[in-house]
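Taking the hints into account, I'd like the entire structure generated from these sequences.
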Amino acid sequence: MDDGEPEPATKDDLKAENQRQSLQFKAQHGLVVCFFLLLLLFHGLGIYLFCSGFLLSRLVLPDRSECAVPPIDLPRYDAGNAEKGCWHPKSFDKAVVIIVDALRYDFTVPFQPKPGDEQPHHFHNALPILYETAVQQPSNAFLRPFIADPPTTTLQRLKGLTTGTLPTFIDAGSNFAGTAIDEDNLVEQLFLAGRKVVHLGDDTWHSLFPGYFEPNLTKAYDSFNVWDLHTVDDGVSEHLFPLLEPEMKGRWDVVFGHYLGVDHAGHRYGPDHAAMADKLRQMDGVLRRVIERLDEETLLVVMGDHGMDVKGDHGGESDDEVEAALWMYSKKRIFGRGSDVPATPPATAKERPVGQIDLVPTLSLLLGMPVPFNNLGQPIEEAFLSSSKKPDYGNMAAVSRVTAAQIHRYQGEYAKARGLEESATSTTATLWKQAGNDYADAQSQGSKIVDAYKAFAAYQAENLRVCRGLWARFDLVSMSMGIVLLVGAFAIFALFGQGLIGDRSTLAPLLLTWGCAGTAAGAVVGAAIGLLPDVSLAQTTSFGAGFCGIVATLVGLWPARKILKAPLPRSLWGGLCMLATLLLCIGFAANSFTIWEDEQLLFLLATFGVLFLGSSLGQSDPDDQKIGAANALSFLFATRLSSLSRLCREEQMPNCRSTYYASATSSTSASWQLVIPFVVALGLPSIVKQFFHRTRNYHGSAIIWVGVALRIGLVFVAMFWLLDAVDDNDWYPDVSKATLKTARVLIAQLVLALSFAAGYATYLWASPLLEVKTEAAEAETPQLTSELTEPDDPNSPIFTPFNEQPKQPKNKLIIFGYANAHGTRYFLLPCAWILALLLVQKPMGQGTLALCFISILNLLEILDANSLHRSPVGPIVLALMGNYYFFKTGHQAALATIQWETAFIPLKTLQYPLSPLMVVLNTFGAQILCAIAVPAIGLWKVPPKQPALLGRVAGNLATHVFFYAAVAVATVVEAAWLRRHLMLYRVFMPRMLMAVVSLVLVEVVGILVALVAVRWSIGSVGDVFGWPGT
Amino acid sequence: MNPFATPKPTDLLPTSTSLLYANLHPILLLSILAFTFPAVVADPVPALLGLAPTTALLQGLYCVLCLPSTGQSPPEEKRKGGEKRKAGKAAGSQDVWAKVVPTFLSLLLTLLLTTPVLTLTLLLFGAPLTTHHPQTLLLALHLALLTTPPLYYVHGLTSTTWLQLASLQVPIDEVYGMTLGACAGAWVGAVPIPLDWDREWQKWPVTVLVGCYGGAVVGKVVGGWVFKGARVKMA
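Chains as they are written, first to last, in the working numbering: chain A, 5 to 1034; chain B, 490 to 724.
Don't read these hints as lab results, they were simulated from the structure.
Heads up, a few of these hints could be off.
As the list claims (entries may be wrong) - Lysine-lysine pairs mimicking DSS-like chemistry, simulated, CA-CA at most 27 Å apart: (1) A/LYS30 to A/LYS15; (2) A/LYS777 to A/LYS949; (3) A/LYS566 to B/LYS722; (4) A/LYS315 to A/LYS394; (5) A/LYS98 to A/LYS335; (6) A/LYS912 to A/LYS745; (7) A/LYS945 to B/LYS692; (8) A/LYS315 to B/LYS692; (9) A/LYS569 to B/LYS722; (10) A/LYS336 to A/LYS94; (11) A/LYS630 to B/LYS722; (12) A/LYS253 to A/LYS354; (13) A/LYS437 to A/LYS420; (14) A/LYS452 to A/LYS393; (15) A/LYS94 to A/LYS354.
The structure is reproduced here in structure tokens:
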């Protein structure tokens, strides 16, 4: 500054200069935000391309088959009378359907020695009744292999066994919360026709078909405890046999009994174990007793819903898992065999298998029900050929025709709803016409009716093949395109986050220009290619835009090559970050590591914590040493303490005990857990206050928000969950549920308003959390100015000369909280968000999320004490914490653990988009919180006039996203590679989905919440202290 | 003297017994582990309990025979040339006691101080909190025996030195390399636990124990030869 200038001019100049720099900062900030949005677009395009090739979906049609509306004209039958049979004369009034969970086909047929397998195993010859009856009384019974469509999990199988549809990963259109089947199915048809349906056993049925069963006779048992072999089975038998007594006639029409013992014996011991033999013999006895008590009018069906592998597990698509058994029995002589079929049941499951979906039309027509609308199965021959010497192909052709017609009607509706391609349906259309002609010929000209039946069967088989292709074929081209884009975007994040030396924010405009130009050019080229025939326009356009954009951005880095280095670790901390990321990514290729991810994250965080502790102990400054070590200890203990909150996934059993809820089988909190929100309400604000207070930043807005609003808000949160428990447990039966619900919803809305409206208002308009005192200076001593050079000392107030003119009265300003002006000012934002995030967590999750919040503050102090502001360790540990606390808030990388009920926390009815948003806040609360905390790493305890802060924040955010991008790339590549793996549906695909969803979410939150908000935080500090020169 | 001056890398005693045993030590450690391994897999608690005195003895021998004790670090400078033999003989029995007592104290400190701290550390890393306590405690004992007796013996109980040891600021030598190696080995040893191979040796704490011994041996050899005098670059 020029000393000769007059004073007022200097002031104005300063003001103008400040204004210019403020404007420059805002412009730069805007460009950085735009650059990150561009990177988000690349990720979005990559994920879109990959998922559209990988996650095949099926549209669930809401249509129902009606008794009076057959799908085709029935020449010799009057449809519509449920008593006689809706579309076809019925054969049975009643049915007992017994599902023996995991009844593999080879359990039911006599053992046949093979070379290398000469001795029968425990599971052989223990359940002979099915085979015996099928051989001895072929007109009363038949036994066939029963092939399941993977995934071979009970829930998916029950869907297939009642709707006749093929499973896909996503049944689009299925309802938002819960698992209830909302497409046409056999149970609902029976219920609507007024039949009395009873269910005994596995409680999965109740989540699938809520309210359809006779309440008095039905008994459901928990299916989760695979160690318990007998409770469910004994319970089913206990309630099943009384139903078969003559006096119970008329009280029920169809019984579904679901035995779990065989499955549990498999899970616990594996099939080749004496316990399995006992279990199968027990089943044999049960079935013999059922046969004794059966009357003429009742059909008995016994089946396995899937098989089991050599270890007794299931879920995948191996032969052992899909090969179940189906057996039907009746006292009436009704079952026939085709003319070209041997008399004995198939010796192995490879001969004459039927699909599990084939049971649906078979059972429907035998009981006189219409075939469910979405069914793709075909009637099973034996059930309709009649027991006479000559197989009744006329009857067979009739049922086959009506089933095929229903499938044809379904295909028509599906094509209308989703626009199937012409090529996919042309072969089936030809076959359909052919079958119709054959049938008409057989009717009028007396040609062979067998041909008509075969033609309908051929139509159905072809149709099934087309559907399988449509719903279960991966599009490798699209998947590869997606992987290329994800890898490219990952490279940009690695270079931008860890490969640049110097201010990143100055580079953003250049990269943004290149990237946008590339994206636009690529989109145009892609669209042009997309106009060619046989190419998908959306696919080529997205790939063109993404690919050219990424290449152009990388080219844009070329001018900056001087400040570019390979993003490889050069120190212990960097190496450890790289190692942690790499190990996790490699681990996702193995199902065991994916299943135990929560424990690995604990292990990695403990590693970082112990090294933080060690490194802090070696600091030369005693303050740094003490603060660093204390915070590292707190970090370690908070991490281990939260590890006690567990929600086990099925695959972790039996080595894991759930503590998240009252018991392993409930989804409500235990009453002692209700204390946790109150402890959080009492403790968390005080602890946060300490962190503000220590650097003398607990002033103004901090007192208002942390000291008052957060406290009140957290008490409301605790009250909300108390009311919720009162409602769940009926502690006060006199208070109506409606009152409780209203009160709860009001509280929740209040908390959300407090968090977002008041919290953001505080954040946007707060001035830096400083206190300024004026004191008369005794003398201008050199010490005072020397204090200025040590602004890092957090505990000392900073003395600045009030006026540089020596002639003025000597006053001095004491500014409290100078050292951490940036950090505390920004941290008001996480403090506002934590309130909303805690509201949507269950009590146990609130405890762990509060520990996460404290750990974040610990981490910030540790990083400062060890001078790790510039190291990648901060953002990476935050990312690890985000993933770790995801598990500790009662989630797993499995769709079943999504806490859907949180959608209703602030609402009485489902509302879009608020309800799904609540579920997102609940599910990814930890990742959101950690992403919001990322800028605090670069801002914590830095001097107010520190230059290039924006670049530092941008670098940290890029490094944080880098972790999620790495996990996304790894899981996507591994899911594509392992797409035929047994555990694809259970382990790899859910983890891949979690990775891509959390990547996009962390980016959105990181940009739109954290990075955008930095503008106000740096801005308000800059306005007070002036802007650092660039 | 600057309190933050870091100690120099430790050199072994320049006697032939020392060199012989220093080279024999890793082989002995690995052999006792290999010898007891089936028993450890079969029933870890008694096997580990039985193994611990042997390991303590080997580590004690290593201290006595190979390492300069606290404050004794520059002995070779004093005893040069012809003086060396003479002084060695004269000091005979006195010297042995001067070595055995600190060794004993080192082992005692290892048992009473390091073992509880390491047990706590293992729990922080995710060792079972409610079950398997004897296993965890014995694992901590073995890890302690492999890491700290030579450190106590060489560096004593100077707090600044220990703070530097904790923050990896000390140059690497055989002793420190063995410590770091054992810790790193234990860390790597935890990796195979979650795999669904259903092997008997996957049970707690077999893999970590093997990792400790393997890591200690590798660390000792690599620290004494390859990285001697190197420092860990923290940031």
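Would you check the hint for A/LYS452 and A/LYS393, treating anything up to 27 Å between C-alpha atoms as holding?
18 Å, holds
Verify the proposed pairing of A/LYS945 with B/LYS692, using a straight-line Cα cut of 27 Å.
Given that 27 Å is the threshold and the Cα spacing comes to 46 Å, the pair is violated.
Restraint check for A/LYS437 with A/LYS420, where alpha carbons must lie at most 27 Å apart
Roughly 20 Å between the alpha carbons, so the hint for A/LYS437 and A/LYS420 holds.
Can you confirm whether the C-alpha distance between A/LYS912 and A/LYS745 stays at or below 27 Å?
Status holds; Cα separation ~8 Å.
Between A/LYS253 and A/LYS354, does the CA-CA distance stay at or below 27 Å?
With Cα atoms ~40 Å apart, A/LYS253 and A/LYS354 exceed 27 Å; violated.
For a C-alpha distance cap of 27 Å, please report whether A/LYS315 and B/LYS692 respect it.
With Cα atoms ~19 Å apart, A/LYS315 and B/LYS692 stay inside 27 Å; holds.
Given the hint that A/LYS94 pairs with A/LYS354, does the C-alpha gap stay at or below 27 Å?
Violated, because 31 Å separates the two Cα atoms, which is more than 27 Å.
A/LYS315 paired with A/LYS394 [C-alpha distance capped at 27 Å]:
45 Å, violated
Is A/LYS630 close enough to B/LYS722, meaning Cα to Cα at most 27 Å?
22 Å, holds
Decide if the proposed pair is consistent with the structure: A/LYS777 and A/LYS949, CA atoms, cutoff 27 Å inclusive.
20 Å, holds
Against the 27 Å threshold, does the CA-CA distance of A/LYS30 and A/LYS15 hold or violate the hint?
Status holds; Cα separation ~22 Å.
Between the alpha carbons of A/LYS98 and A/LYS335, is the straight-line distance 27 Å or under?
Cα-Cα ~12 Å, so holds.
Of the numbered hints given earlier, the model fails hints 4, 7, 12, 15; all others are met.
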